[in-house]
Amino acid sequence: MELLQLVIGGLANGCIYGLVALGFVMIYKASEGVNFAQGDMMMLGAFVALGFGNSDQMGLPFGLAVIAAMVLMFGVGWGVERIVVRRIFGQPQFALVILTIALGFVFRFIAGSIWGFTPLVLETPFAGQNLRGGGIVISLADLVTIGVTLALTIALWAFFAFTKVGLAAQAASQNQMAAYIVGVPVMRINSLIWGLSGAVATLAGVLYATRGAIDPNIGLLGIKAFAAAVIGGLGSLPGALVGGLIIGVVEPVAGRYAPGELAKMSPYIIMLIVLVTRPGGLFSQIQMKKV
Amino acid sequence: MSLLEVEDLAIHFGGVKAVDGVSFSVEKGEVFAIIGPNGAGKSTIFNLISRIYQSTLGRIQFDGQDITASRAHDIAGLGIARTFQNIELFDHSTVLDNLLMGRHTHRRTNFVQDILFLPKVRREERQHRRRVEQVIEFLELEAYRKKMIAGLPYGVRKVVEIGRALATGPKLILLDEPASGLSVEETRDVAFWIEDMRRDMGLTVLMVEHDMSLVNQVSDRVMAVANGRTLAMGTPAEVQAHPDVMAAYLGTGAAA
Amino acid sequence: MRVVFKTSYDRDIDLHEHGRSRARIAVLLAIMIVLPFLVGDYYLAEATNTLIWALAGMGLMVAVGHTGQVSLGHAAFLAIGAYADSALMNTGLPFLVSFPLAGLVTGLFGALIAVPAVRMSGIYLAIATLAVFVIVEELVIMLEPITGGVGGIMAPSISILGLTFDRYAALDHFYWLCLAVVALVTWGYANLMRSPTGRSFLAVRDSEVSARALGINVTRTRALAFGLSSGVTGLAGALMGHYIGFFNYELFSIFISINLLLVVTIGGLGFIQGAFLGAILITAVPQLIAILRDNLVAVGVDLSGVPGLDTMIFSLILICFIIYEPTGLYGRWLKIRTWFEVFPLARRDMFRRQKSYLKTERMK
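Chains as they are written, first to last, in UniProt numbering: chain A, 1 to 291; chain B, 1 to 256; chain C, 1 to 364.
Calculated from the structure, these hints are not laboratory results. All figures in this text were calculated on a predicted structure; none of them were measured in a lab. Check the hints yourself; a few may be wrong.
Label pairs and their in silico Cβ distance ranges [claimed, not checked]:
(1) C:Y43 x A:E2: 55 to 65 Å
(2) A:I273 x C:P286: 31 to 41 Å
(3) C:K6 x B:Y154: 22 to 32 Å
Glycine included, C-beta positions come from ideal geometry on N, C-alpha and C.
Sequences are here, hints too, so could you generate the full structure?
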């Protein structure tokens, strides 16, 4: 029973990792770049929602605050692509890695200067509400997290698999020049994807905030989400979710039955094992480069 | 015995049979050309010989040794050098360094000696440099010695890649479309060099080429492939007159 | 424009193409040697710190700049070097033995990691090193008997042949020790880059497939480069431990990894000199910020309450460099020098970057 309880909590946690991982995967799918600032975008999104929604700040209704935050963060993601990322178009992948790490620090600084470094709590309508049954307690926040994540994963997967824009984005990632020649607006699509990933990050941030207090350093969760994305295979949206769930569940279970340090290491150990045995991740798309 | 013997070579990517049972042998001192339409599997044959791809079936023998299961980085040491269709040079190094990298199989020092730069390293370096200078002279690359690859015109890069292959001191050189993208004059130079490689250096040349004038000019024997299979083999004239080859090139129905 | 007439291959093989650059290095080294007599303890300590960062930067440069292996986990190797050195000295070994051993241990650990990691390319390797970093950090906490756990340990005092090299008791000695290590490593590094080993690193960086076709064992080359890289970083870590004196796992945070990346990128990827320029920048900027802050307080603006300002400014510098000058400080210097050498013949588009397009590594 205790194990089941741990697993359910872990699943909800894993959903948040999965959501941040979705952001990584979206950008990877569209440009084969990796946005290391994704975790910090999640953090910023949560704070923006808090700024709109909390009664001592702007005091908008919760739903409206979340939507407003998502719109604003869409703008942030879009703007980052337009102003910064676009300029290093064509440079090696590694340039983007460093660039986004630096961007993460900038986001953290911005959030720190506005909201300070003391943890704050986002006011949500489902705070403290629990469902009980058969000796297990499930918080409403957990249920909402799981539900929203599932819906969003399916929606994003459908977006990439069926819509024109989604397909074009994938084409652009495989060969930018070819996509450009056949008339795919590579640049516009990249902006759009970065914007979308900002919105998804916000949602992840809000869900994270329903489960505890937030401070500007929660963006470091991005590293763990990154492990999730890699476990699933960087190019696969369902993979990201599965990776997130694996990490989310393993962590508390390891924490219960093994020393604390080992529990903290567990996501990375799993990731290394996956990388060594299946370098492209569980849902691999990577194959050899053609010569 | 032939220098290179390929028997029933095949590779399947999923359901696609990129190369499907090709056999040929290249004699020592011969210039052997492989022709065929795009996607016929020519470059794939090269990638199989240089062990970048793992063959599904068949056997490759070089100089009396079975190399079907050798590792890609052991091939150069046996005496097979190659160029690539889409030029794979080290873009951020100079022409000289690129050619010196071709001497890798001849290095006799380890990294500790290199770090300390013992006298032996210097002696070896001079030796490598002398060999590389011969290649530079042969291919008339003197003007570009200290130039970065990234800034060089396409034609020069193509030549540098041939130079790098020659710097390895090979017995067999694989040229993957040496004339593609070159001007008429540059192609003529390539033809002369191929002649010289064979005559003066005693090399064996295996090349993939589309330019039939070059093929006619330099090759002793030609193999035409299409859809991963051999269509015809023989002298350039014989192969070009072969009805299957004409059908494959002109696309007049299936090779009836 | 200077034209060098070459009369033997040795002119190209030598470290310096002409006497003037050799003289320049000699003068620089001489100034560095007499520095303790010229400046006070405060600046000497800063100079020592810069040397240690340059050493760590050179370590990372081998991996990132010369073999194209991005590592986000080099702070882990600093930590391993520092703890290994202290632990070995605590068993009674003299510094002259423990120090190279610490480098060797770190190097072997790095090479060991690199063997499975070489199958990964680019981004995946960066992530794997990040994971290794987190694991090492947790291991440091777990291995309390050696590392002092969360509490940390005191780095033993160094003495060689009866002479003390303690950072606090004899800062000038410690400075000279660091200078000697840095000079030796720089010399070895420069040698490496003009030899077959160095060329094989570059080959693996620029085109793996043709490196293979030339007979270069890519796996072994990468593991060797990564091992050397982590070994040198381990040496820097050992010195850093002695420099700080008392340290725990927090000294080697992920921010250190990032700062190291900053050192090599801003300094100039692929140039040994870049590691030094980057190290100077990263140790000087906090000082400049502090001075600026003091001056601002004088005019009534108090920035001391804003945490993370240093990191923020670093980040902005980094972003600007990646966008406007990806070749780093050293690359910029080369361009300026060329501009003067060919004056007044420099053309506007002489240094224009080539347009490039990202090609996929997927084959579908």
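Each hint tested on the structure:
no.	hint	result
1	C:Y43 x A:E2: 55 to 65 Å	60 Å, holds
2	A:I273 x C:P286: 31 to 41 Å	39 Å, holds
3	C:K6 x B:Y154: 22 to 32 Å	29 Å, holds
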